[in-house]
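> In order, the protein sequence lines correspond to chains P and U.
Under the numbering used here, think of the first position of the first sequence as 1, with each following residue one higher.
Under the numbering used here, think of the first position of the second sequence as 1001, with each following residue one higher.
Because the hints were derived from the structure by calculation, they are not lab data.
Keep in mind that a hint or two might mislead.
As the list claims (entries may be wrong) - Just the calculated beta-carbon pair ranges, DEER-fashion:
hint, chain 1, residue 1, chain 2, residue 2, range
1, P, Cys72, U, Leu1112, 50 to 56 Å
2, U, Gln1088, P, Ser60, 18 to 24 Å
3, U, Gly1153, P, Cys72, 45 to 51 Å
4, P, Asp23, U, Asp1094, 39 to 45 Å
5, P, Asn69, U, Leu1131, 26 to 32 Å
6, P, Ser65, U, Asp1079, 36 to 42 Å
7, U, Lys1126, P, Asn69, 26 to 32 Å
What the hints assert, rightly or not - List of simulated lysine-lysine pairs, BS3-like, C-alpha gap at most 27 Å:
hint, chain 1, residue 1, chain 2, residue 2
8, U, Lys1075, P, Lys104
9, U, Lys1126, P, Lys104
10, U, Lys1201, P, Lys104
11, P, Lys93, P, Lys104
12, U, Lys1087, P, Lys93
13, U, Lys1189, U, Lys1201
14, U, Lys1087, U, Lys1126
15, U, Lys1126, P, Lys93
16, U, Lys1087, U, Lys1075
To be verified - Some residues of chain P that are not near chain U, with every Cβ distance over 10 Å (derived):
hint, residue
17, Glu5
18, His11
19, Lys16
20, Thr18
21, Gly19
22, Lys22
23, Asp23
24, Gln25
25, Arg57
26, Pro62
27, Asp63
28, Ala71
29, Gly103
The beta carbon of each residue, even a glycine, is placed where N, CA and C say it ideally should be.
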Amino acid sequence: MATAEALRATHAVDDKLTGAAKDVQAIKRESSTSYIDTEFRVSRVLVGSQLWESLHRWLSPPDPSTNHNIACRTHHKGTATWFFQGSIFENWKTTSSLLWIHGKRAHLLHFPPDMV
Amino acid sequence: MLLTPSLSSTVIQDIEAVCEVGSTSMSYFYFDFRDANKQNLDDLVRSLLTQLSARSDPLCDILSHLYESHDRGTKQPGDDLLTRCLKQMLSIPDQGQIYIIVDALDECPDSLGIPSPRERVLQLLKELVELRLPNLHVCVTSRPEVDIRDVLGPLTSCPVSLHDQSGQKQDIVDYVRSVVYSDSEPIMKRWRTEDKDLVIKTLSERADGM
């Protein structure tokens, strides 16, 4: 009788140990996966930016931001508010379409020599 | 330069603000007759491709396929492959809104070859619009040259003419006045008031035909 009880107790302990071992395994698996995940993401970001730099070097495009910066500097405050407050611009922003703005380019700062 | 580059730069700034908060993307290009690297279809497309792919992994992947297929970048792609790549990028489903802004198309030469550089750019713009992508917004500014009007006119429901706008004329008057009366202009500072006013009047009138 006592032997049978001792045996049951041993089995119970055994089961618990097995369960604990499984938990440990699961935790190990999980943590290593998330470790690998993090590593993977970091390396992907690195590869991404390195890749883009290679692509950029390969295509060597002209840099339009230089023109943009000049245009921003020479922009006269308040210019074209009629356009930006109007419905045409707002419609273009919200609806897929082509907006063609045609006008003249005025070099107003370049006066002919006989004027100055 | 006052009119269209200024307008384009403001359009770009406006869209840039939208890009910061959402999945919206934008790329822009300024044609420039003073810069030989900013006058051809090739220049435009290379610039748009790199700008678009800088912020998106899926678009970067498309460009990297082109790179791989050119022996890891040891060869250069032709215009046809570059434009095909651009269309492929724009056509990826489930992207946010995409804005393309092209300034001063008239500074892309309309001579030098058949078809001319400008004809080729116009053809690309036509093809992009005809893709009828629901999220693609294209803005082009230029002088009202006949060849540009012929292609872009039919593609747009509402072309904006800067000459017809009284607001635009007022902008020019305000601008000329601010320059002529500016303290930082040593030469004009010496002018008599009636001369300054004559300059403002004359330039403002002529702006309509400049």
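> Are the hints correct? Go through all of them and say.
Taking the hints in turn, this is what the structure says about them:
no. : hint                              : in the structure
1   : Cys72(P) - Leu1112(U): 50 to 56 Å : violated, 30 Å
2   : Gln1088(U) - Ser60(P): 18 to 24 Å : holds, 21 Å
3   : Gly1153(U) - Cys72(P): 45 to 51 Å : violated, 29 Å
4   : Asp23(P) - Asp1094(U): 39 to 45 Å : holds, 41 Å
5   : Asn69(P) - Leu1131(U): 26 to 32 Å : holds, 31 Å
6   : Ser65(P) - Asp1079(U): 36 to 42 Å : violated, 23 Å
7   : Lys1126(U) - Asn69(P): 26 to 32 Å : holds, 30 Å
8   : Lys1075(U) - Lys104(P)            : violated, 40 Å
9   : Lys1126(U) - Lys104(P)            : holds, 23 Å
10  : Lys1201(U) - Lys104(P)            : holds, 18 Å
11  : Lys93(P) - Lys104(P)              : holds, 23 Å
12  : Lys1087(U) - Lys93(P)             : holds, 20 Å
13  : Lys1189(U) - Lys1201(U)           : holds, 17 Å
14  : Lys1087(U) - Lys1126(U)           : holds, 12 Å
15  : Lys1126(U) - Lys93(P)             : holds, 19 Å
16  : Lys1087(U) - Lys1075(U)           : holds, 21 Å
17  : Glu5                              : holds, 63 Å
18  : His11                             : holds, 54 Å
19  : Lys16                             : holds, 47 Å
20  : Thr18                             : holds, 44 Å
21  : Gly19                             : holds, 42 Å
22  : Lys22                             : holds, 38 Å
23  : Asp23                             : holds, 37 Å
24  : Gln25                             : holds, 34 Å
25  : Arg57                             : violated, 8 Å
26  : Pro62                             : violated, 4 Å
27  : Asp63                             : violated, 8 Å
28  : Ala71                             : violated, 4 Å
29  : Gly103                            : violated, 3 Å
Hints 1, 3, 6, 8, 25, 26, 27, 28 and 29, counting from the list given before, are not met by this structure.
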